[in-house]
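Colleague: Here are the chains, one letter per residue:
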Amino acid sequence: MARILLADDSPSVRLLVRRHLQADGHEVLEAEDGDAAYALGAEDPDLAILDQLMPGMRGTDVLHRWRTEERLFPVLLLSAVDDEHVVIQSLELGAADYIRKPFSMPELKARIAAHLPR
Amino acid sequence: MDATIVSILAVTAGLTASLVVVLAVVKLFHREIERYRGVRTAYYTSAVGEMLSRGVLPSRPRQGWAEDPLFHDAVADYRLMVTGEDRRFVDSLVDKLGIGDILVTRARRRFPRSTRLRAVSSLVDLATPAHTAALQTMIDDPNPHVRVHAVRGLARVGDTGAVSHILDIATRVKPWEAARTADALVEMGADAVEPVINWVEHERSKAFPSVDVVALSGRLLGLIGDERAEPVLIALLGSDRPDWRVAAASALEHAGTDMSVEPLRVAIHDDDWRVRARAVVALGAMADDVAIEEIAQLLTDRQWWVRQNAAGALTQLPGGTDRLKAALEGSDHFAADAALNQLTISGALSERRPLPSRT
Amino acid sequence: MHTFLAVSSLVVLVYYLAYQVTMLVFTVGSAAVLGKERMIARYGRIEDMLTSDLAPPVSIVVAAYNESAGIVEAITSMSMVSYPRFEIVVANDGSTDDTLDRLIDAFDMFPVPYPVRTNIDTAPVRQVYKSRKPIALTVVDKENGGKGDALNVAINTARYPYVMATDADVIIDGKALVHAMRLVAEDRDRVVAVGGNIRPLNGATVTHGHVVEAGVPKSLIERYQLLEYVRAFVATRPFWSAINALPLVSGAFSLYKRDAVVDAGGFASGHMGEDIDLTMRIHRHYRNAKIPYKIMYSPSAIVWTEVPTTRAVLRRQRIRWHRGLMTAVRDFRSSIFNPRHGAVGMLSWPTMVFFEFVAPVVELLGYVLIPIAMLVGAVDPMQVLVLFVIALFVGTITSLFALLLDERYGYFNDPRETLQLLTICFVENLGLRQMTVWWRVRAMHRGRQDKAWGNMERRGVRTIAKAG
Chain A
1 MARILLADDS PSVRLLVRRH LQADGHEVLE AEDGDAAYAL GAEDPDLAIL DQLMPGMRGT
61 DVLHRWRTEE RLFPVLLLSA VDDEHVVIQS LELGAADYIR KPFSMPELKA RIAAHLPR
Chain B
1 MDATIVSILA VTAGLTASLV VVLAVVKLFH REIERYRGVR TAYYTSAVGE MLSRGVLPSR
61 PRQGWAEDPL FHDAVADYRL MVTGEDRRFV DSLVDKLGIG DILVTRARRR FPRSTRLRAV
121 SSLVDLATPA HTAALQTMID DPNPHVRVHA VRGLARVGDT GAVSHILDIA TRVKPWEAAR
181 TADALVEMGA DAVEPVINWV EHERSKAFPS VDVVALSGRL LGLIGDERAE PVLIALLGSD
241 RPDWRVAAAS ALEHAGTDMS VEPLRVAIHD DDWRVRARAV VALGAMADDV AIEEIAQLLT
301 DRQWWVRQNA AGALTQLPGG TDRLKAALEG SDHFAADAAL NQLTISGALS ERRPLPSRT
Chain C
1 MHTFLAVSSL VVLVYYLAYQ VTMLVFTVGS AAVLGKERMI ARYGRIEDML TSDLAPPVSI
61 VVAAYNESAG IVEAITSMSM VSYPRFEIVV ANDGSTDDTL DRLIDAFDMF PVPYPVRTNI
121 DTAPVRQVYK SRKPIALTVV DKENGGKGDA LNVAINTARY PYVMATDADV IIDGKALVHA
181 MRLVAEDRDR VVAVGGNIRP LNGATVTHGH VVEAGVPKSL IERYQLLEYV RAFVATRPFW
241 SAINALPLVS GAFSLYKRDA VVDAGGFASG HMGEDIDLTM RIHRHYRNAK IPYKIMYSPS
301 AIVWTEVPTT RAVLRRQRIR WHRGLMTAVR DFRSSIFNPR HGAVGMLSWP TMVFFEFVAP
361 VVELLGYVLI PIAMLVGAVD PMQVLVLFVI ALFVGTITSL FALLLDERYG YFNDPRETLQ
421 LLTICFVENL GLRQMTVWWR VRAMHRGRQD KAWGNMERRG VRTIAKAG
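Chains as they are written, first to last, in our numbering: chain A, 1 to 118; chain B, 1 to 359; chain C, 1 to 468.
Chain A on its own, in the form it takes in the complex:
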């Protein structure tokens, strides 16, 4: 189906989301920090899920760099930070969506499906 980049420093988030995405037949590329996520952008995934608070570059930093390099795949930001500022910033940077933790897995999957290129 689709290639999805998943960047989060929490192993539990990665494991759970990966399992669900794989069950739906997606291929999952994983990164545990901002720099690794940025590098994996070169693989040109169909969609990326970025955690905001990661070691090294934050989610918005990675997104910003991709966008300035004209990598335009849809990006979902994921974060526990309940900060309006970050939400606005990420949407301004061109994030497709912003999802707050805790999230509901079915909702996350629905949002991913909505943003995947058909």
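Derived from the structure by calculation, the hints contain no laboratory data.
Honestly, I wouldn't trust all of these hints.
Under the rule of at most 25 Å between Cα atoms (straight-line distance), these lysine to aspartate or glutamate pairs were calculated in the DMTMM-like manner [to be verified]:
| no. | chain 1 | residue 1 | chain 2 | residue 2 |
| --- | --- | --- | --- | --- |
| 1 | C | Lys294 | C | Asp53 |
| 2 | B | Lys206 | B | Glu177 |
| 3 | B | Lys325 | C | Asp108 |
| 4 | B | Lys206 | B | Asp140 |
| 5 | C | Lys175 | A | Glu92 |
| 6 | B | Lys174 | B | Glu187 |
| 7 | C | Lys36 | B | Asp73 |
| 8 | A | Lys101 | B | Glu187 |
| 9 | C | Lys175 | A | Glu84 |
| 10 | C | Lys133 | C | Asp108 |
| 11 | A | Lys109 | A | Glu32 |
| 12 | C | Lys175 | B | Glu187 |
| 13 | C | Lys133 | A | Asp24 |
| 14 | C | Lys175 | A | Asp35 |
| 15 | C | Lys36 | C | Asp187 |
| 16 | B | Lys206 | B | Glu230 |
| 17 | C | Lys36 | B | Asp140 |
| 18 | C | Lys175 | A | Glu70 |
| 19 | C | Lys175 | C | Glu213 |
A short list of chain A residues far from chain B (calculated; beta carbon distances all over 12 Å) [unchecked claim]:
| no. | residue |
| --- | --- |
| 20 | Asp33 |
| 21 | Asp35 |
| 22 | Ala39 |
| 23 | Pro102 |
Every residue, glycine too, gets a C-beta built ideally from N, C-alpha and C.
Dock chains B and C against chain A, hints included.
Modeller: Showing chains B and C alone in chain A's frame:
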């Protein structure tokens, strides 16, 4: 030679030698323990993740798991990450393994402080309504940190019946604990609004109400942001106690509607600068552009915070940014400073480099 | 003559023994209070403060003089500290390099007509800059006036009720500010200053401006300093903090209530120990005014700093420190055994004066007198030797105990590192200690020709600790 000196020498030499051994052993052990913890944590994380993604509870769970704090941490990790069906699944796992009961036992008074604190801090993340009674006894624990955690736990399970008792305790403890307690209650959400309002009304009717905790409750109502709190907050805003007016003014930023606009217009001229500083923010959050000039007057207030907040409020209002840019060019240095600061923070001054967007 | 030699040798030995025993007592005292702090830091969920009104806003103030090499990274790293509301104020102390230009470029700074308050008198301010980027950063360009003066300008410019002074070449642990501010939040009326736990960065692995793993540094001179820092920050200060007797809140991480600094008159300019000076003045201010107050230390507020790697740089640093201490001893002589100054007056300041300040002289005297006394037969060589060895053992016990307390951080657990640390506990007595004793004696008798900033070779944070 003096025998005492020789024996002192022997003692110090012995102590030195034994400390060398102790340190070496502790360091080796610590390293192994850390390594083992890492392995177990990874194992638990993947085990719980597998169960959760398949939605299957283990038919015969291993007994050691339920006892292990690292397993509690792994479960809590998932529980805090997901909502809905997945969260209910984690809860049923906690129930099936009896983790809650184990934590409740460890939080009993006969255990040392650190054991209690660790247990109750895990319980906060894993508690279900079944643990309400246990958590209620913990809010009387002698340790303040245990008490704060217990309140957080009760807030999580939504025990509205405990609110008035919790607030009563808050009137007797140190200010930091009262503040953390009130903050913890925010998590109870809209359910807490009625009991908190009732408690505040009752407290206010006393001859010597707890000024601090009523103020904290006002803040708490604001953080929950429920409109039912508005009348009581407006009453607090009109009180003769500055602390209550401050709390009410900042709470109305989140819980206020049109009803609050008039009282806030009065409050931005309060004698206490803290009230002015909070009220102007609240007014900015709800007023329309008619209030721009009124708010702009505060750009020349004596207090830095009032000027800053007035400028910040203007950035929220349509047309407010233009008013700030005018202040930037104006003759008043202080107004210009506040305007500049807030325009910088809001990003209105920064050059916008448009990013390529998806077409 | 014989009697004189015998008596003075004995005095020196007893003094040395007393010194070591005192340090051991402090270490035991620290052990008693560290456990509770650790428990709260671990399970108290103090990061919840981050969403709470309990966390008053903080201004991080930095003095920068010729920091071109590392200033941008340092500020970037500081901007990532977890704390709800803070601003960074950098005072460029008339740097002769391109420190200011680097800041302007990196953070898109532009000049603003900013009214700087003059709560504390300082050298003239040239220009204030603000950033166009989403970072709460203010840079104040000022005439050179020394570190204390630059910090005062930054404090004048700071807008928040608490200021945290730090250096431009440190790495602040992400949670340091939360840990330090917890102490403030829990007793806001009384806590006026909080010091942080300063650790050598040497040997650590750094990525993205964060310390990923601490490590034992390579050279003996660095390892010796590591041990010194552990003894001071893990084994001594917790005890002093518990009895409100901290004579020093170290400059690399010092959080103050802004009003307390202003009331005490700010940092002294041209002082080589401006941190001791300010801490002692705050003590004096509150003691004299009879206002209850607390100066505290947070073992969990960790800050990493590069320590000198060469003998020449270490020598300059120690001479500078000792000069700073000398000035403070002169200025605060009235505090010694002054019951009105509480535990500072009765315990920690006398300790600083009689052990830190006088020690090098006595120790040096010992190295000269005792061999002579032994040679002329004024003392029993065996007895002297035994006493000396006892003192060494007590010192080593203190070091080992300090390292044991340091285990709470879980650093240095590799068997090779353990061996290196155990070795340095003994090896420091074979020359390293004596080296610093000699420098401190030199500091006491040489003139004051050195400049206040005492050039420490700064190379920028990333170059020191090899990136992992």
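Colleague: Does each hint fit the structure? Answer for all of them.
Modeller: Here's how the hints hold up against the structure:
At roughly 21 Å between alpha-carbon atoms, C/Lys294 and C/Asp53 fall within 25 Å of each other, so this suggested pair holds. With a C-alpha separation of about 23 Å, the suggested pairing of B/Lys206 with B/Glu177 holds against the 25 Å cut-off. A C-alpha spacing of about 20 Å is found between B/Lys325 and C/Asp108, which places the hinted pair at or below 25 Å, so the restraint holds. Restraint check for B/Lys206 and B/Asp140: the C-alpha separation of about 24 Å stays at or below 25 Å, so the hint holds.
Between the alpha carbons of C/Lys175 and A/Glu92 the distance comes to roughly 29 Å, so the proposed pair goes past 25 Å and is violated. Restraint check for B/Lys174 and B/Glu187: the C-alpha separation of about 21 Å stays at or below 25 Å, so the hint holds. At roughly 22 Å between alpha-carbon atoms, C/Lys36 and B/Asp73 fall within 25 Å of each other, so this suggested pair holds. Annotation: proposed proximity of A/Lys101 to B/Glu187 holds, straight-line Cα distance about 15 Å (limit 25 Å).
For the suggested pair C/Lys175 and A/Glu84, the alpha carbons sit about 22 Å apart, so the restraint of at most 25 Å is met. Note on C/Lys133 and C/Asp108: the hinted pairing holds, with a Cα-Cα distance of about 6 Å set against a maximum of 25 Å. About 20 Å separates the Cα atoms of A/Lys109 and A/Glu32, which keeps this hinted pair within 25 Å; it holds. The hinted pair formed by C/Lys175 and B/Glu187 meets the criterion: a straight-line CA distance of about 23 Å does not exceed 25 Å.
About 41 Å separates the Cα atoms of C/Lys133 and A/Asp24, which puts this hinted pair outside 25 Å; it is violated. Using a Cα cut-off of 25 Å, the hinted pair C/Lys175 and A/Asp35 holds, with the two alpha carbons roughly 22 Å apart. A threshold of 25 Å between alpha carbons decides the hint, and for C/Lys36 with C/Asp187 the separation of about 17 Å falls inside it, so the pair holds. For the given pair, B/Lys206 sits about 21 Å from B/Glu230 by alpha-carbon distance, which is consistent with the 25 Å threshold.
With a CA separation close to 20 Å, the supplied pair C/Lys36 and B/Asp140 stays within the 25 Å bound. Taking the CA atoms of C/Lys175 and A/Glu70, the gap is about 35 Å. The hint is violated against a cut of 25 Å. Our distance criterion of 25 Å between C-alpha atoms is met by C/Lys175 and C/Glu213, whose separation comes to about 16 Å. Against chain B, the non-interface label of A/Asp33 holds: every CB pair exceeds 12 Å, the least being about 17 Å.
Residue-level check passed: A/Asp35 sits 21 Å from the nearest beta carbon of chain B, beyond 12 Å. Distance to chain B confirms A/Ala39 as a non-interface residue, since its nearest Cβ pair spans about 20 Å, more than 12 Å. In this structure A/Pro102 is not separated from chain B by more than 12 Å, as the shortest Cβ-Cβ distance comes to only about 5 Å.
Of the numbered hints stated above, those contradicted by the structure are hints 5, 13, 18 and 23, listed in ascending order.
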